[in-house]
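Asker: Sequence:
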Amino acid sequence: MQERLYYSQPDVFAWETKIVSYGKKGDLYDVILEETAFYPEGGGHPSDTGAIAGLTVKDVFKQDDVVHHILPSLPSAEKVSCQIDSRRRIDHTQQHTGQHLLSAVCIELFNAPTVSFHLGIETVTIDIEIPDLTFDMVKQIEQRTNEYIYQNRKINTYYVTEAELESLPIRKMPKVRENIRIVEIDGIDVSACAGTHVKQTAEIGTLKILKTEKQKNNTRVYFICGFRAIADYQETHDTVMALSAKFSTNRNGLADRIEKLQQDQKKLEKENAILKEQLLAYRAEKMLSSTENGFLIQSFDDIPFKEVQLLSTQIIKKADIVVLLVAESENKVMLAHNGFSEVHPGLIFKENVTEFNGRGGGSNKTAQAGFPSKEDCSRFVQLISSMLG
Numbered sequence: 028m029q030e031r032l033y034y035s036q037p038d039v040f041a042w043e044t045k046i047v048s049y050g051k052k053g054d055l056y057d058v059i060l061e062e063t064a065f066y067p068e069g070g071g072h073p074s075d076t077g078a079i080a081g082l083t084v085k086d087v088f089k090q091d092d093v094v095h096h097i098l099p100s101l102p103s104a105e106k107v108s109c110q111i112d113s114r115r116r117i118d119h120t121q122q123h124t125g126q127h128l129l130s131a132v133c134i135e136l137f138n139a140p141t142v143s144f145h146l147g148i149e150t151v152t153i154d155i156e157i158p159d160l161t162f163d164m165v166k167q168i169e170q171r172t173n174e175y176i177y178q179n180r181k182i183n184t185y186y187v188t189e190a191e192l193e194s195l196p197i198r199k200m201p202k203v204r205e206n207i208r209i210v211e212i213d214g215i216d217v218s219a220c221a222g223t224h225v226k227q228t229a230e231i232g233t234l235k236i237l238k239t240e241k242q243k244n245n246t247r248v249y250f251i252c253g254f255r256a257i258a259d260y261q262e263t264h265d266t267v268m269a270l271s272a273k274f275s276t277n278r279n280g281l282a283d284r285i286e287k288l289q290q291d292q293k294k295l296e297k298e299n300a301i302l303k304e305q306l307l308a309y310r311a312e313k314m315l316s317s318t319e320n321g322f323l324i325q326s327f328d329d330i331p332f333k334e335v336q337l338l339s340t341q342i343i344k345k346a347d348i349v350v351l352l353v354a355e356s357e358n359k360v361m362l363a364h365n366g367f368s369e370v371h372p373g374l375i376f377k378e379n380v381t382e383f384n385g386r387g388g389g390s391n392k393t394a395q396a397g398f399p400s401k402e403d404c405s406r407f408v409q410l411i412s413s414m415l416g
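Residue numbers for the sequence shown follow our numbering, beginning at 28 and rising by one.
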C-alpha cells in the first residue's frame, strides 16, 4: 500500500523512494511511487508541486485511492529522489487550517455555517449562510479567530469509523463513509478533512479578512493567512507610506487629506463645467452669425463628441436651424434640429449609415452615428451635406 507522507510525516519535503509502476498518458508519464509526500488536488485544496528525479511534476491527482504523479519523461532509475515546494505546502497548510478556524468562529459568533471553500493563488474564500455581515461583525470574527491563533491550540488528525463519527461534534457531516479523516482544533472545531494542516494554531501566523461580498442569501468572505497576510501588510504599508509622503501627513491624516482633495476636485469640476457651458454658448452665437439657408455644417478637431452634442443643443435652442456637426477625433456625427424642419435625422441615418460601415440612429429631431475610420466618416458627411442641399 502506498504510504502518504503528507499525512504521516507532513514536515518531510525531500525523500527517496521507488517507482512502483508507470504508464503513458499522452506525451507524459503517469508515475506511482512507493511513498509520496505530494498532496493530490481535492476538496478545494490545490496539489503540491515539486520534482521527481529532477523532473518537474506536472500534476498530482488521486485515483482509486492511489496518488499519481504526471512527469514530462520517465526517470532513468527505479530509485528516485523527490522534493516538494516547501513554501507552497506551508502556505496551503496555513490557509486551510485558517479556513477551519474561521468557519468555526462564524458558527460560534453568528451561527453561520460554511457552504463552500476555495483556496486560490492570491486569496481564500468561504461562503457562509448569512445574508449580510456588517463591518462590526467582520471585526468581531477576525478578532476572535486571531485570539484562537495566538492561544496556540493543538491540532490533531486521526481516522474514525462511520459509527465513531456519530459521537463527534462534527461541524459538517462528510459524504464519505470509510477512511474518515478528522482534523480537530482543540476545544474549537472538529471537521472531516483530507487536506494538509499545521500542527498548532500559532503556525497559522495571523488571519486577515480582506472583504465580503453578498452571494444571493449567503456572504462570501475573502481572507488570507500567514505569509500571505505579512506580504499584504508590507504592500499596504508601502502604499500608505508613499501616500503619506505625497500628502505631507502621517497615516492618521490621510483620510482627511484625500477627502479634502475629492471636495476640491468636485468644486473644480463644477466650475469647469460652468466655464465650458459659457464657452459653448459663445461658440454657438458665433457660429449662428455665419450660417446660411437654415443649415450649419461644421467639423471640430479640438473638442470631444460629448461637447459637440452640447454645442448642438445650444445652437438649436437659439434658432430654427438644421445642424450637422462632426467630432473628428472620434469619427462621430450629429444631425439635429428643434422640430421646425421636415428633415428626419433618424430616418436619414438609418437608411445610409451602414453603407459607410457606421452604427447609429435617432429620432425625427436628432440622430448620431460613429464610424470605424476617418474616411468612412468623411464620406458619410459628404453624402448628408449633399442631401441637405
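FYI, nobody ran anything at the bench for these hints, they're computed from the structure.
In this text the structure is predicted, and so the values were computed from the model without any measurement.
A few of these clues could be false.
Unchecked claim - Pairwise CB distance ranges, derived in the manner of DEER restraints:
| no. | residue 1 | residue 2 | range |
| --- | --- | --- | --- |
| 1 | Glu286 | Glu312 | 53 to 63 Å |
| 2 | Met200 | Ala80 | 35 to 45 Å |
| 3 | Thr276 | Phe137 | 49 to 59 Å |
| 4 | Gln290 | Thr184 | 37 to 47 Å |
| 5 | Asp265 | Ser316 | 51 to 61 Å |
| 6 | Glu312 | Gly416 | 20 to 30 Å |
| 7 | Phe327 | Phe137 | 36 to 46 Å |
C-beta: ideal position from N, C-alpha, C; glycine also.
Asker: Now tell me if each hint is right for this structure.
Answerer: Evaluated hints:
| no. | hint | in the structure |
| --- | --- | --- |
| 1 | Glu286 - Glu312: 53 to 63 Å | 40 Å, violated |
| 2 | Met200 - Ala80: 35 to 45 Å | 42 Å, holds |
| 3 | Thr276 - Phe137: 49 to 59 Å | 37 Å, violated |
| 4 | Gln290 - Thr184: 37 to 47 Å | 56 Å, violated |
| 5 | Asp265 - Ser316: 51 to 61 Å | 58 Å, holds |
| 6 | Glu312 - Gly416: 20 to 30 Å | 25 Å, holds |
| 7 | Phe327 - Phe137: 36 to 46 Å | 59 Å, violated |
Hint compliance for this structure: hints 1, 3, 4, 7 are broken, all remaining hints hold.
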